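K.L.:
One letter stands for each residue in the lines below.
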Amino acid sequence: MKKFLSVLLVCTMVLGLCACTGSGTKTNNASGIKAGFIFLHDENSTYDLNFINAAKEACDKLGIEYVLKTNIPEGQECYDAACELADSGCNFVFADSFGHEDYMIEAAKEYPDVQFCHATGTKAHTELLPNFHNAFASIYEGRYLAGVAAGMKLNEMIDNGEITPDQAKIGYIGAYTYAEVISGYTSFFLGARSECPSATMDVTFTGSWYDETAEKEAATKLIGSGCVLISQHADSMGAPTACENAGVPDVSYNGSTESACPNTYIVSSRINWAPYFELCLSNLAGIPTDYVGTISTGSVELTSFGSVAPAVGTAERVEEVKAELQAGTRHVFDIETFTVDGKKVESYMADVDTDAAYEGDHEVIKDGYFNESGDGLRSAPYFDLRIDGITLLDEQY
Amino acid sequence: MNEKKNPLFHIVKRKSMPLSKQMMVRLIAVAVAIAVCAIVTVITTGMNPLSVFAATFRGAFGSGRKIWITLQDTAILLLIALALTPAFKMKFWNIGGEGQVLMGGLASAACMIVLGDKIPDPVLNLLMIVSSVFLGALWGAIPALFKAKWKTNETLSTLMMNYIAIQIVAFFTIYWEVPKGSGKIGIINQSTNAGWLMQIGNKYLLPILISVIVTVGIYVYMKYTKHGYEIAVVGESERTARYAGIRPGKVIIRTMLLSGGLCGFVGMLLVGGIHHTITTTITGGQGFTAVMVSWLAQFNPFTMMGVSLLIIFLSHGASEISTSCGLNQSFGEIITGIILFFIIGCEFFIQYKVIFRKKETENTKEGPAGQKEETGQDSAEKPENEAGNAKEDSEEKPENETTQVDEEVKS
Numbered sequence: 001m002k003k004f005l006s007v008l009l010v011c012t013m014v015l016g017l018c019a020c021t022g023s024g025t026k027t028n029n030a031s032g033i034k035a036g037f038i039f040l041h042d043e044n045s046t047y048d049l050n051f052i053n054a055a056k057e058a059c060d061k062l063g064i065e066y067v068l069k070t071n072i073p074e075g076q077e078c079y080d081a082a083c084e085l086a087d088s089g090c091n092f093v094f095a096d097s098f099g100h101e102d103y104m105i106e107a108a109k110e111y112p113d114v115q116f117c118h119a120t121g122t123k124a125h126t127e128l129l130p131n132f133h134n135a136f137a138s139i140y141e142g143r144y145l146a147g148v149a150a151g152m153k154l155n156e157m158i159d160n161g162e163i164t165p166d167q168a169k170i171g172y173i174g175a176y177t178y179a180e181v182i183s184g185y186t187s188f189f190l191g192a193r194s195e196c197p198s199a200t201m202d203v204t205f206t207g208s209w210y211d212e213t214a215e216k217e218a219a220t221k222l223i224g225s226g227c228v229l230i231s232q233h234a235d236s237m238g239a240p241t242a243c244e245n246a247g248v249p250d251v252s253y254n255g256s257t258e259s260a261c262p263n264t265y266i267v268s269s270r271i272n273w274a275p276y277f278e279l280c281l282s283n284l285a286g287i288p289t290d291y292v293g294t295i296s297t298g299s300v301e302l303t304s305f306g307s308v309a310p311a312v313g314t315a316e317r318v319e320e321v322k323a324e325l326q327a328g329t330r331h332v333f334d335i336e337t338f339t340v341d342g343k344k345v346e347s348y349m350a351d352v353d354t355d356a357a358y359e360g361d362h363e364v365i366k367d368g369y370f371n372e373s374g375d376g377l378r379s380a381p382y383f384d385l386r387i388d389g390i391t392l393l394d395e396q397y
Numbered sequence: 001m002n003e004k005k006n007p008l009f010h011i012v013k014r015k016s017m018p019l020s021k022q023m024m025v026r027l028i029a030v031a032v033a034i035a036v037c038a039i040v041t042v043i044t045t046g047m048n049p050l051s052v053f054a055a056t057f058r059g060a061f062g063s064g065r066k067i068w069i070t071l072q073d074t075a076i077l078l079l080i081a082l083a084l085t086p087a088f089k090m091k092f093w094n095i096g097g098e099g100q101v102l103m104g105g106l107a108s109a110a111c112m113i114v115l116g117d118k119i120p121d122p123v124l125n126l127l128m129i130v131s132s133v134f135l136g137a138l139w140g141a142i143p144a145l146f147k148a149k150w151k152t153n154e155t156l157s158t159l160m161m162n163y164i165a166i167q168i169v170a171f172f173t174i175y176w177e178v179p180k181g182s183g184k185i186g187i188i189n190q191s192t193n194a195g196w197l198m199q200i201g202n203k204y205l206l207p208i209l210i211s212v213i214v215t216v217g218i219y220v221y222m223k224y225t226k227h228g229y230e231i232a233v234v235g236e237s238e239r240t241a242r243y244a245g246i247r248p249g250k251v252i253i254r255t256m257l258l259s260g261g262l263c264g265f266v267g268m269l270l271v272g273g274i275h276h277t278i279t280t281t282i283t284g285g286q287g288f289t290a291v292m293v294s295w296l297a298q299f300n301p302f303t304m305m306g307v308s309l310l311i312i313f314l315s316h317g318a319s320e321i322s323t324s325c326g327l328n329q330s331f332g333e334i335i336t337g338i339i340l341f342f343i344i345g346c347e348f349f350i351q352y353k354v355i356f357r358k359k360e361t362e363n364t365k366e367g368p369a370g371q372k373e374e375t376g377q378d379s380a381e382k383p384e385n386e387a388g389n390a391k392e393d394s395e396e397k398p399e400n401e402t403t404q405v406d407e408e409v410k411s
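Those sequence lines, one after another, are chains Y and U. Residue numbering for the first sequence follows this note's numbering, starting at 1 and increasing by one per position. Residue numbering for the second sequence follows this note's numbering, starting at 1 and increasing by one per position.
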């Protein structure tokens, strides 16, 4: 009881202090729009930093007031945070992590006048709430281009006699056997194989989106088993560091790692979220249910090439391929370029509508290619074919 | 400053301190803590500390919803602390609250996933409660059994049971993941709400009401029942207990069934009533924080209410600091750390007093660095406290001498 009293006293004192200061909010926008952002971690995570920078950039450009909430777990805390933002006058609320989605939907049901947007989610097209939206980007195109740079590096190593064509094996560290990861490593591999036809790839999974030790160990193991080039879909510096230590060329993700790995860094692909935020915030009523950013919208980017590791002429070749992708004359998942169990894939029902049984529900082979993140389907990737040439070393995650 | 051969001070347990004086010490500690926070804020960020304190307060009580969330989170932390308390009172160091809560949560989630929409909701809820309490109790009873039968160290075994629980939950999150490969279960039965606990009034009230009931329940159990008495006796001395005809093994297992079962029940509240999902991080370390709550409140259930509120207040404040002051969350945690340091630290001066002296070679007990720091702050009231001297240590000290040395040290 005494302690309770003392606590009460603390509260009163703090309250007293508050009364002196009053609340200072930064309001000075004409548009009447206030944006709230929810992030899983803070700026120490490369994944969240990418979103935080984009959010600040877009809001500053449009002169919009914004609130950033960091370190929000994927639980009821996300719902609470979203509701608090809505309570405080935000009419646009965004969350950046996959596990936030269900809680954003709960909040969206409660605040019909507030627009809720969620990156990487899969449910907007089935929930059919007018104020809940998903967004992603055709990052598979970015990865494909990064793969082209990797393939050229392999070719260079073959030409220099460092490896034989049969030894052109890529190592890839993924987080989970999730469609987003599968789509990512497959597009990267297809890009590499478009340049270096003898390329093969080993993939291993860490079971975490961020586990520096596991990623580093995985990279070291892959290098030990004969992989001559490494790439990853996980957020730490583990794999790039292991590559730099071993002198193995590396294609990183989410941003340049050149400063830490000057000798082995080739290139990195990333999603730039600023175009999406600008689109949403400049017209809250017109946010699409599923938004797919592309190379053309500026959403999919390659960072600058490394100064040491890339093969000669990489930048030029990547530009050519990029032009072909944009013109539609080349498709990343062209069914002529890959097989599953030795057979061409003429038809495939993908699990586009999320359900507990993982049932395939939409035909996604269209006009001779796998229609990833297609119109009328959903923005989050659903490519989950195990194509020939890629060996999954483990699948427990 | 105590490099000299003779220890400069020794530490003596006080008999008791009048309540008013205790409150005085605590108030001073809080005031000093706030002052230190203010100084740290100015030095490291250059911001007005008042705006930081205001943000802390806003984080916990800034809106109706925030107040509800604060109370709800306080209730959960309080419930876990209450669950651990009978074990602590028995001197059984149950630091496995985290695992016991997780297992309870897992049982509830399993019921909701497997049986959702297949059986009526009230039956499902009942099944969730039974299975959660059972699994939590089992998780608590295993280390208790080992302790009772083979005298294994329960601190280690309860701790390690946490990691087993985390791995089991990790396995099931992948087993039940939606969509495939995502490693997330998401909200269970989101469209049908099957198995969700009913709402009383609003989303937040149910755990709060339960926590109040359990607080009273545990208070009565500990203070007025035969079980509570047996727990206290076993805690004081197993031999005494045996002499009085109490079987310590039985009491240990029974108490841990209660402790673990209650933790499992909290897991059910988290999964069925709040998050509606299960993840390895759903308890958020509260199984450990609750240990501190229980101890800081000296096992008094009503004091725990205040301590839980304080800790939740500080943690919500910390995240608000990062949101509205543009500081990293770590800064908020530093502030929290400073405040807790002083609040816990001041209990030392309520329990013990420090006597400075020049000669004598015994009692070389030396306070850790923190205590030394604080002696200066609290020394102002030390001379008057000297009056109520209780000596567990054998020496008598002439009062004037002590005071004199005390002053010398200050100068």
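Don't take each hint at face value.
[Unchecked claim] Pulled from the structure, derived: some chain Y residues nowhere near chain U, Cβ distances all over 10 Å:
# : residue
1 : Ser88
2 : Asp102
3 : Leu129
4 : Ser194
5 : Leu279
6 : Ala315
7 : Glu316
[As the list claims (entries may be wrong)] Chain Y stretches covered by chain U per the calculated footprint, using a threshold of three residues with CB under 8 Å from any CB of chain U:
#  : stretch
8  : 159-172
9  : 177-191
10 : 349-356
Derived from the structure by calculation, the hints contain no laboratory data. These numbers come from a predicted model, not from an experiment. From the three backbone atoms N, C-alpha and C, an ideal C-beta is built for every residue, glycine too.
K.L.:
Compare the structure with each hint and give your call.
P.N.:
How the hints compare with the structure:
A beta-carbon of chain U is positioned within 10 Å of the beta-carbon of Ser88 of chain Y; the least distance is around 7 Å. The Cβ of Asp102 of chain Y does not lie farther than 10 Å from every Cβ of chain U; its closest approach is about 4 Å, which violates its non-interface assignment. For Leu129 of chain Y, the requirement that its beta carbon stay farther than 10 Å from each beta carbon of chain U is met, with the minimum near 12 Å. With a minimum CB-CB distance of about 26 Å to chain U, Ser194 of chain Y clears the 10 Å threshold, and the non-interface call stands.
Against the 10 Å criterion, Leu279 of chain Y stays outside the reach of chain U, whose nearest CB is about 25 Å from its own CB. With a least beta-carbon separation of about 34 Å from chain U, Ala315 of chain Y lies farther than 10 Å from that chain, consistent with its non-interface assignment. Residue-level check passed: Glu316 of chain Y sits 36 Å from the nearest beta carbon of chain U, beyond 10 Å. Using a Cβ-Cβ cut-off of 8 Å, 0 residues of the stretch 159-172 of chain Y lie near chain U, which falls short of the minimum of three, so the contact claim is violated.
Only residues whose beta carbon comes within less than 8 Å of a beta carbon in chain U count, and the stretch 177-191 of chain Y has 5; three or more means the coverage holds. Counting residues of the stretch 349-356 of chain Y whose beta-carbon sits less than 8 Å from any beta-carbon of chain U gives 4, enough to reach three: the coverage restraint holds.
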